[in-house]
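If you read the protein sequences in the order shown, they are chains A and B. Numbers 1 to 115, taken from the numbering used here, label the letters of the first sequence in order. Numbers 1 to 115, taken from the numbering used here, label the letters of the second sequence in order.
Rather than coming from a laboratory, the hints here were simulated on the basis of the structure. Note that the coordinates shown come from a computational prediction; the quantities given were computed from them, not determined experimentally. Where a beta carbon is used, it is the ideal one built from N, C-alpha and C, also for glycine.
Examples of chain B residues lying across from chain A (beta carbon under 7 Å, computed):
#	residue
1	Glu42
2	Leu44
3	Leu46
4	Asn102
5	Phe105
6	Lys107
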Amino acid sequence: KAGVTQTPRYLIKTRGQQVTLSCSPISGHRSVSWYQQTPGQGLQFLFEYFSETQRNKGNFPGRFSGRQFSNSRSEMNVSTLELGDSALYLCASKPRTGVDNSPLHFGNGTRLTVT
Amino acid sequence: GNSVTQMEGPVTLSEEAFLTINCTYTATGYPSLFWYVQYPGEGLQLLLKATKADDKGSNKGFEATYRKETTSFHLEKGSVQVSDSAVYFCALSVFNGGSQGNLIFGKGTKLSVKP
Chain A
1 KAGVTQTPRY LIKTRGQQVT LSCSPISGHR SVSWYQQTPG QGLQFLFEYF SETQRNKGNF
61 PGRFSGRQFS NSRSEMNVST LELGDSALYL CASKPRTGVD NSPLHFGNGT RLTVT
Chain B
1 GNSVTQMEGP VTLSEEAFLT INCTYTATGY PSLFWYVQYP GEGLQLLLKA TKADDKGSNK
61 GFEATYRKET TSFHLEKGSV QVSDSAVYFC ALSVFNGGSQ GNLIFGKGTK LSVKP
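In isolation and in its complexed conformation, chain B is listed as follows:
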């Protein structure tokens, strides 16, 4: 079946540190890959996406590259800020012969950035 595995948190970093959150997936069909972010008390917001192999999604200094050979979509940021503190979710959606399925999420990784 389709599934997403992401590194468990919490992750605590100092401001300006480098961030990597690992995400790997299992999918049939042709998955699109997403990173969503959830700030306290809010719903999820799309951070970035990639719809085919070797695509790089980027937004607000965050990047992730769709690696089909390693079935991965790791999230990176070169220099985190306190305002990046949130829960990050990796997700996939599978295209199966005409139907774009629902999002399948990883468990989420809580990031805390200290000043």
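Excised from the complex, chain A in its bound form:
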């Protein structure tokens, strides 16, 4: 079974640009979450999607958005990039949302560098 796939692995953008990151969950997984990892703040939750609907949202500005498609693939978008958005963005999937203790399966991440 293929794992969580994130593309691209690396991105370099300049301030003010926007960026789209893609995530393909494990087959059969319908919940997709996104996390930002930085040396200073650690791992922080961005949002979770299930059945094409955002189910949960972290404390990030509106410049960070996402969506999920009918095949459960997800994208996240960051507009008007700032230097502080440089981070490793991790996508994770699990079979379902709600009352569920099944573990998250993480992709290898997209390393975004903003210059």
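Following the hints, position chain B against chain A.
Chain B only, in chain A's frame:
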């Protein structure tokens, strides 16, 4: 609010040494507790979990016991190997009346094991 505190690293040990990484938490509701591991250049992998008080999670020689009275979930291994070198994250997820929330992570502890 909900939070996780884990011992700061880096931790450097010799092969076959005993490992303890401390983790304490603050949570409302009924938390599930997790240890994730991140190898260089990769995403996070679930190492073990415990979903209720006094549960012991174990995997690959690692163990952690959910201690409600001390709000702790310390990670232990009796004899570490060079291949255990990685960053270890303690995390919690809170069940609040029907909703399983997102993962809240500690800052991570980098472990280096020398031959």
